[in-house]
Structures are given as C-alpha cells and as structure tokens.
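Visitor: Turn these sequences into a full structure, and let the hints steer you where they fit.
Protein chains: 2
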Amino acid sequence: MSDKPGLRLERFLPYRLSILSQTTSADLHRRYFGPSHLTIPQWRVIAVLGRFAPLSASDICRRTVMDKVTVSRAVAGLRRRRLIEQATDGNDRRRSQLRLTPSGQAMHDLIVPLALGYEAELLTQLSPAERKALDGLLDRLLEAARGLAARPDP
Amino acid sequence: MSDKPGLRLERFLPYRLSILSQTTSADLHRRYFGPSHLTIPQWRVIAVLGRFAPLSASDICRRTVMDKVTVSRAVAGLRRRRLIEQATDGNDRRRSQLRLTPSGQAMHDLIVPLALGYEAELLTQLSPAERKALDGLLDRLLEAARGLAARPDP
DNA sequence: GCGAATTGGTTTCAAATGAAACTAATACGT
DNA sequence: ACGTATTAGTTTCATTTGAAACCAATTCGC
Numbered sequence: 002m003s004d005k006p007g008l009r010l011e012r013f014l015p016y017r018l019s020i021l022s023q024t025t026s027a028d029l030h031r032r033y034f035g036p037s038h039l040t041i042p043q044w045r046v047i048a049v050l051g052r053f054a055p056l057s058a059s060d061i062c063r064r065t066v067m068d069k070v071t072v073s074r075a076v077a078g079l080r081r082r083r084l085i086e087q088a089t090d091g092n093d094r095r096r097s098q099l100r101l102t103p104s105g106q107a108m109h110d111l112i113v114p115l116a117l118g119y120e121a122e123l124l125t126q127l128s129p130a131e132r133k134a135l136d137g138l139l140d141r142l143l144e145a146a147r148g149l150a151a152r153p154d155p
Numbered sequence: 002m003s004d005k006p007g008l009r010l011e012r013f014l015p016y017r018l019s020i021l022s023q024t025t026s027a028d029l030h031r032r033y034f035g036p037s038h039l040t041i042p043q044w045r046v047i048a049v050l051g052r053f054a055p056l057s058a059s060d061i062c063r064r065t066v067m068d069k070v071t072v073s074r075a076v077a078g079l080r081r082r083r084l085i086e087q088a089t090d091g092n093d094r095r096r097s098q099l100r101l102t103p104s105g106q107a108m109h110d111l112i113v114p115l116a117l118g119y120e121a122e123l124l125t126q127l128s129p130a131e132r133k134a135l136d137g138l139l140d141r142l143l144e145a146a147r148g149l150a151a152r153p154d155p
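Taken in order, these protein sequences are the chains called H and C.
Going by this note's numbering, the letters in the first sequence line up with residues 2 to 155, in that order.
Going by this note's numbering, the letters in the second sequence line up with residues 2 to 155, in that order.
One thing to keep in mind: the hints can contain errors.
[Claimed, not checked] For lysine to aspartate or glutamate, the following EDC-like pairs were computed, each having C-alpha atoms within a straight-line distance of at most 20 angstroms: (1) C:69 <-> C:86; (2) C:133 <-> H:140; (3) H:133 <-> C:11; (4) H:133 <-> H:122; (5) C:133 <-> H:11; (6) H:133 <-> H:144; (7) H:133 <-> H:120; (8) H:69 <-> H:86; (9) C:133 <-> C:144; (10) C:133 <-> H:131; (11) C:133 <-> C:110; (12) C:133 <-> H:136; (13) H:69 <-> C:11; (14) C:133 <-> C:122; (15) H:133 <-> C:140; (16) H:69 <-> H:93; (17) H:133 <-> C:90; (18) H:69 <-> H:90; (19) C:69 <-> C:90; (20) C:133 <-> H:144; (21) H:133 <-> C:131; (22) C:133 <-> C:120; (23) H:133 <-> C:136; (24) C:69 <-> H:11.
Don't read these hints as lab results, they were simulated from the structure.
Guide: See below:
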C-alpha cells in the first residue's frame, strides 16, 4: 500500500465538497426530515413556499435548482398529504399557484427552526469573521463553478 | 409571491453545499469522466489505487467514504474493462488485492491532470491566502459535521 | 478445537433519479 | 387568424442507489 505521488483524493476540492454535502444533508434528513416523512426535495419546496407564495412549479424549479420532475413529484406528495394546495393561474391556465395549507405552514414552522438550529451548530466552530469569510468563499466558488459549467468543453 | 421572513434557502449552508457539490461533480463528469466512460465512483477508485496500491475493496471504502455496494460495482466495472486487476490476499482469502493494470495506469495518468486542472480553474478566483482559509474552513466544517452526525439524536 | 459471531464482498430488491416522450395551454410568425 | 413553436407540468422508462439478505472465509469464546 505504497504512497506514490498522485492525486490526493481527500484533498481534492470537488471530492471534499461532495463528502461534506452528503454528511450534512444525510444528517439533517435523518434527524428532522425523515421523522416528519419529508424528502429533501419536499423540504425545499416547503421552505421556498414558506417564504415566497404563491409560486408555480417552474418558479420552484428556479428557486431550488431542482429538476422539474423532482419538483413535480415533491409537489404531488405534499398535495397528497394536504401540506400544500394548488390553484390555477387565471392568466395562464398551464401554471399552478402553489401555497402552504395551514398544516403545511405548521410543518414549516416546526421544521425551519430545527434546520436553522442544525446550521447554527455546524457554525459554532467558526468565529464570526470566519463565517463571513466562508460565506464569501462559497459565493465565489459557486460563481466560478457556474462559469466553468456554462463554458463549452475545450 | 411575497417575501415573508423565514428560512432563506439560498443562504442555508447545507443547501449551498449541495448545489456547489452538484455543480462541480456534474461538470467534472460531463467534461472528463463521462467521455472516458467512467462513473464518479470508478474515478475515485482509480484515484486511490493510483496512489495506494494494492488495496482491498474495504480499504477503498474507507479511503473514498463510499458504500461497499458502490465500491463493489465500481470495481466490477473496472475489472471488466481491464483497468484494474484483482489478486487474492495470501493471509486472508476473503480480501482482494486490487491494483491498476497498465491501461488503468494510463487512464489514471490521463484523467488526473484534467481533474487537477479543473480544480485549479475553480480556485483561480481565490488568492493564495483565501485558498488556505478555504482549506481550513472545509476541514473544520467536515469535522463539525461528523461530530454532529455521530451524536445521537436529541 | 469447534460452533457462534464477525468480516469481506456480492446479489437482490425496492426506492429515487433524470432524460425523453407526452399532454395541454399559450405565444409567435406570417 | 391559423398553423407552428414554446412553455408548464406529468408520465414512462431505464439507470443508479443503498438497505438487507446472502455466501464464504476468518476469528472469537469457551
């Protein structure tokens, strides 16, 4: 099991991001969303509807950066559980107008503080200055990543 | 589409990590691994075998933090393509001894510089000091996340 | 030693995922 | 207007995923 020079996977940025993201998402799901029988996409739908309502399904796609199939299924599941309700847009009858029902709002108000609490716990390790730095770094990395992704292959 | 106070998903750390990780992994796959018909798990296996060989399948699980099913399948695919080869451990005949074949090494030597180049492009936006800061922040966040994940639910 | 528990690894099965096809409603070009 | 192109959203299908069952080899306990 020699150690040749090569790529150190455990230091490779995309890999580290993947592990970190997996760890936090899985833990968040295990603690809070799973017990409430919410999938991650459903949780995201509830979160954006709690803040911006009414939204159409495609608005939700934009806001959550999720595939429209994923959103369609999350919405279907939440409607079945009467956590969100759907009206039809008067101007454009293809578009839906989605919003939380009272029990959806209750779910939202239950889950959001837990999620924020989790985030706060993660960040307790960092000083305020470090949090600010992290914030900016993540923004710039995402911008860079989107720039690269938009660029045609060489 | 009012803006109530609530959770701002686009600022929520686990969400941002998820988007950033998805964006970089998908782009890396689209550019380099996809055209070489490598999945992300296969790429990871090649990366760790290029550095530490021979390894057993469970060694690879540890090093890559992937599920043993995922590793088993990645290894099977790479063996079918004769990019890695398997011997049996003399001491413990359950364990495999995996290493790159010459063509596997060639694939490794082809892909690693591309992956490192991609990472370098991502990081060009950041000054050396910022990269160092990012490095430390990611380490500490991962440590914190693992600490939380290991902790029993409240 | 020898049966039970553990570990390495594969297979099976059910759930999640997304690309592509599809339906329905609207916008666009001439 | 009227046919074509586009957009909103759902369904279908093939692929990916991981939990659990499984087989084989090894180690542990007595």
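Visitor: Now tell me, hint by hint, if it's right for this structure.
Guide: Going through the hints against the structure:
1. Between residue 69 of chain C and residue 86 of chain C the alpha-carbon distance is near 18 angstroms, which keeps this suggested pair within the 20 angstroms criterion.
2. The suggested pairing of residue 133 of chain C with residue 140 of chain H holds, with an alpha-carbon distance near 16 angstroms, which does not exceed 20 angstroms.
3. At roughly 16 angstroms between alpha-carbon atoms, residue 133 of chain H and residue 11 of chain C fall within 20 angstroms of each other, so this suggested pair holds.
4. A C-alpha spacing of about 16 angstroms is found between residue 133 of chain H and residue 122 of chain H, which places the hinted pair at or below 20 angstroms, so the restraint holds.
5. Between residue 133 of chain C and residue 11 of chain H the CA atoms are separated by roughly 16 angstroms; this keeps the pair inside 20 angstroms, and the hint holds.
6. Proximity of residue 133 of chain H to residue 144 of chain H is assessed by CA-CA distance (about 17 angstroms); at most 20 angstroms being required, the pair is judged to hold.
7. For the proposed pair residue 133 of chain H and residue 120 of chain H, the alpha carbon gap of about 14 angstroms is at most 20 angstroms, so the pair holds.
8. Of the pairs offered as hints, the one joining residue 69 of chain H and residue 86 of chain H holds, with about 18 angstroms between alpha carbons and a cut-off of 20 angstroms not exceeded.
9. The suggested pairing of residue 133 of chain C with residue 144 of chain C holds, with an alpha-carbon distance near 17 angstroms, which does not exceed 20 angstroms.
10. The hinted pair formed by residue 133 of chain C and residue 131 of chain H meets the criterion: a straight-line CA distance of about 12 angstroms does not exceed 20 angstroms.
11. A threshold of 20 angstroms between alpha carbons decides the hint, and for residue 133 of chain C with residue 110 of chain C the separation of about 27 angstroms lies outside it, so the pair is violated.
12. Simply put, residue 133 of chain C and residue 136 of chain H have alpha-carbon atoms about 15 angstroms apart, close enough for the 20 angstroms limit, and the pair holds.
13. Straight-line distance between C-alpha atoms of residue 69 of chain H and residue 11 of chain C comes to about 18 angstroms, which keeps the hinted pair within the 20 angstroms bound.
14. For the suggested pair residue 133 of chain C and residue 122 of chain C, the alpha carbons sit about 16 angstroms apart, so the restraint of at most 20 angstroms is met.
15. Restraint check for residue 133 of chain H and residue 140 of chain C: the C-alpha separation of about 16 angstroms stays at or below 20 angstroms, so the hint holds.
16. Under the criterion of a C-alpha separation no larger than 20 angstroms, the hint pairing residue 69 of chain H with residue 93 of chain H is consistent with the structure, at around 18 angstroms.
17. The straight-line distance between the Cα atoms of residue 133 of chain H and residue 90 of chain C is roughly 50 angstroms, outside the 20 angstroms bound, and the hint therefore fails.
18. Only pairs whose Cα atoms come within 20 angstroms are accepted, and residue 69 of chain H paired with residue 90 of chain H is accepted, the gap being roughly 18 angstroms.
19. Restraint check: the Cα-Cα separation between residue 69 of chain C and residue 90 of chain C comes to about 18 angstroms, which is no more than 20 angstroms; the hinted pair holds.
20. Restraint check: the Cα-Cα separation between residue 133 of chain C and residue 144 of chain H comes to about 19 angstroms, which is no more than 20 angstroms; the hinted pair holds.
21. Note on residue 133 of chain H and residue 131 of chain C: the hinted pairing holds, with a Cα-Cα distance of about 12 angstroms set against a maximum of 20 angstroms.
22. For the proposed pair residue 133 of chain C and residue 120 of chain C, the alpha carbon gap of about 14 angstroms is at most 20 angstroms, so the pair holds.
23. Distance check on the hinted pair: residue 133 of chain H and residue 136 of chain C sit about 15 angstroms apart at the alpha-carbon level, within 20 angstroms; holds.
24. This hinted pair checks out: residue 69 of chain C and residue 11 of chain H have alpha carbons roughly 18 angstroms apart, not beyond 20 angstroms.
The structure fails hints 11, 17 (numbered hints given earlier, in ascending order).
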